[in-house]
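Chains as they are written, first to last, in numbering that gives the first Met the number 0: chain A, 0 to 52; chain B, 0 to 217; chain C, 0 to 241; chain D, 0 to 211.
It is worth saying that the hints were derived from the structure and are not from the lab. Be aware that one or more of the hints could be misleading.
[Said to hold, decoys possible] Over 10 Å on every C-beta distance to chain C, these chain D residues come out as not near it, computed from the model:
| hint | residue |
| --- | --- |
| 1 | 43 |
| 2 | 79 |
| 3 | 155 |
| 4 | 176 |
| 5 | 181 |
[Said to hold, decoys possible] Okay, the calculated bits of chain B under chain C, using three or more residues with CB under 8 Å as the criterion:
| hint | segment |
| --- | --- |
| 6 | 142-151 |
| 7 | 165-171 |
| 8 | 188-197 |
| 9 | 204-211 |
Just so it is clear, the structure is predicted and the values come from calculations on it, not from any experiment. All C-beta atoms, glycine included, are put in the ideal place defined by N, C-alpha and C.
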Amino acid sequence: MMPELGKYAVSVMSAYGVTVVLLVGIVAQSLWRAARVRRALEAQEQRTGAHNG
Amino acid sequence: MIALLLRDLRLAVRAGGGFGLSLAFFLIVTVLVPFGVGPEGGTLARIAPGILWVGALLACLLSLDRIYALDFEDGSLDLLATAPIPMEAVVSVKALAHWLTTGLPLVLAAPVFGVLLHLPGPAYFWLVISLAVGTPALSVLGAFGAALTVGLKRGGLLLSLLVLPLYVPTLIFGAELIARGSAGGATATPLLMLAGITAATVALVPFAAAAAIRVNLR
Amino acid sequence: MSIWEYANPKKFMQTSAWALPWFTGLAAITLVTGLVWGFFFTPEAANFGTTVKIIYIHVPSAMMAINIWVMMLVTSLIWLIRRHHVSALAAKAAAPVGLVMTLIALFTGAIWGQPMWGTWWEWDPRLTSFLILGLFYLGYIALWQAIDNPDTAADLTGVLCLVGSVFALLSRYAVNFWNQGLHQGASLSVDKQENVSDVYWYPLLFCIAGFILLFIVLVLVRTRTEVRSRRLKALEARERLA
Amino acid sequence: MAALLAIEALAVARGGIAILERVEFSLSAGQALVLRGPNGCGKTTLLRTIAGLQPPLAGRIEAAPDAIAYAAHADGLKATLSVSENLQFWAAVYGQSNRVASALAEMNLEALAQRAAMSLSAGQKRRLGLARLLVTGRPVWVLDEPTISLDAASVALFANALRAHLALGGAALIATHIDIGLAEAVTLDLTPLKARAPQDGGASGGFDEAFA
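So here's chain A without its partners, still in its complex pose (with noise of 0.2 Å):
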């Protein structure tokens, strides 16, 4: 399965890697701020009483 890469093997794993690392923490990061400002404004807006949008 895994594609032959001979000398280059550690060079493109790792680039792979350190990409696949960055993108899952950047998206990992937007949805878990995300998650909790929704939290966060739900339990104000019941608070206040005010009207959602």
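Position chains B, C and D relative to chain A; hints supplied.
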């Protein structure tokens, strides 16, 4: 406007104004570098233009947050904003005052520091020219960065982060001008670029800085 | 029906909630197709060996790093001129994504440079410009975080983005002048597509499309978050006042 | 007689939230208006808006372009400059250098003219700050807590200066807590002008109305 310039200059040279600190800092940087890279004259001569430019840049950076911070704290900036001087002029005058108290002394002192770094003979001329042409841009860009951070309690570090990338073109062309000049190469391109950057910066950036100050006073 | 309708936060929230699942699906499909195709099913290049597989992430991320800054410039201008809050918040939301793209481009460039040029880091004009671009992203993000009042922050970062764009361009030119580099321009850059044979070109197209879609998804998610957080701040301030 | 300063249906915001609305008044030559209201009700914000430091949320402010002289909480004094140097600077900014001597005399600062501003007491600094108004040569004074840290004698001194200014065809808008002893001044209480919430028909602070 002349009154504002005179006031800023007077404040800078009076006690606590910090005049001369930048120069002392420049001297220390120049003295520390040989300790780091070794006393060998050839190496020092080769890296001298870069060291002098980076030193001038850092010395300039050191005094930037004072451009408006004191005026902001004591309320003068509010009063200046309501005075009949346009904010663009206030920014330009303050940048000029900063240059006269920081940039100009650096330009004049640089040849002395060049001796410490074994700068070759023909380079002195170009050193003075390139600093004289380039440092006004540093002051104006610094005034812009200071305008962005004027309301912030701990703006110093952020100010450096904002301003240093803006200094890259000036630094590159400035150091390149000295390097080419001392090697007898073609100096027209870097000199024109350096002068162009300074001219455009001095003409346009005060508008951005004034806008930033108005936003910060809101 | 005008495009400015979507600058209304309520309208934006409704529309983006509807569009987000579609974009997410499309982004996932395109990105996975492109990367799997590129990684598993492309031959070695004669002169680069298997390192050629790195272009499937290096080229799209580098493109996005620049394009995201351009997008931030446009949205900042819209905010400064027309005062649409969503526009300013979209610029804020895009910046960290742009920084990540810049980092990916730099890392993959360095990793690639090691076997090709024999060094991890070369002060090559393109690499150096990306480093400077990264610094601009950092400063922009730091300024957003340093200022409490959201409208002040939006104005100031907008002005910084404007001035920064000019100086980023200027730096690019200055760096070019300073060092004519090793970076292979023609053989791999996408605007010279005749130099890349079809075997590499098609998966690359998928990857580029995938990165663009991924960016759209991230910006939508993050802008929605910023809109909510802005709304939260307004409610809190009103509560304090009451 | 035409008004020097006319405010119509003005709404002002602090931090993006409306705090005062439906503010209306006008000032003609010789008139003084005292603004009152509890702390945090928006006096300073209103004055800053009228002085042109921040844009109004709604409504209109009509005044000649160079009519207003603004004095904030802070006096904008430079500690290392002398009293007369401080004053000369502002006089030069406003192009009124010939007024410095009379302003010093009026605020009873002549004896201190050569002292550095840092050696002044709080009340003396405040007097210097108010002397600055005299060298602006502008008809409408917009003053934020002008009598803070002044003793009774200095308040009287200030009231006299204010009276002289009004007599010369000037006007003044003053936010203050204490009585400055100006019989002719009209008082405007800001408490009923507090902005209502947007859902009750109040002015909206730009962003949140889009959610309603």
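Quiz item: Quick check: the segment 188-197 of chain B, covered by chain C? Criterion 3+ residues, Cβ under 8 Å.
Solution: holds (count 4)
Quiz prompt | Assertion that residue 181 of chain D lies outside the chain C interface [Cβ separation over 10 Å] | solution = At about 31 Å from chain C, residue 181 of chain D clears the 10 Å cut-off, so the statement holds.
Practice problem: Against chain C, does residue 43 of chain D hold up as non-interface, every C-beta pair farther apart than 10 Å? | Solution: The claim stands: residue 43 of chain D keeps its Cβ more than 10 Å from every Cβ of chain C (closest is about 15 Å).
Exercise. Tell me if chain C covers the segment 204-211 of chain B under the three-residue, 8 Å CB rule, please?
Key: Held - the segment 204-211 of chain B has 4 residues with a Cβ nearer than 8 Å to chain C, which meets the minimum of three.
Quiz item: Would the least Cβ to Cβ distance between residue 176 of chain D and chain C come out above 10 Å?
Solution: holds, 21 Å
Quiz item: the segment 142-151 of chain B covered by chain C? Criterion: 3 or more residues, Cβ-Cβ distance below 8 Å.
Solution: It holds: at least three residues are needed, and the segment 142-151 of chain B offers 5 whose Cβ sits within less than 8 Å of chain C.
Quiz item: Does the claim that residue 79 of chain D lies outside the interface with chain C hold up, using a Cβ gap greater than 10 Å?
Solution: Nearest chain C Cβ is 30 Å from residue 79 of chain D, so the label holds.
Exercise. Count residues of the segment 165-171 of chain B with a Cβ under 8 Å from any Cβ of chain C, then say if the count reaches three.
Key: holds (count 4)
Quiz item: Is it the case that residue 155 of chain D keeps its Cβ farther than 10 Å from each residue Cβ in chain C?
Solution: holds, 37 Å
Checked against the numbered hints above, the structure violates none of them.
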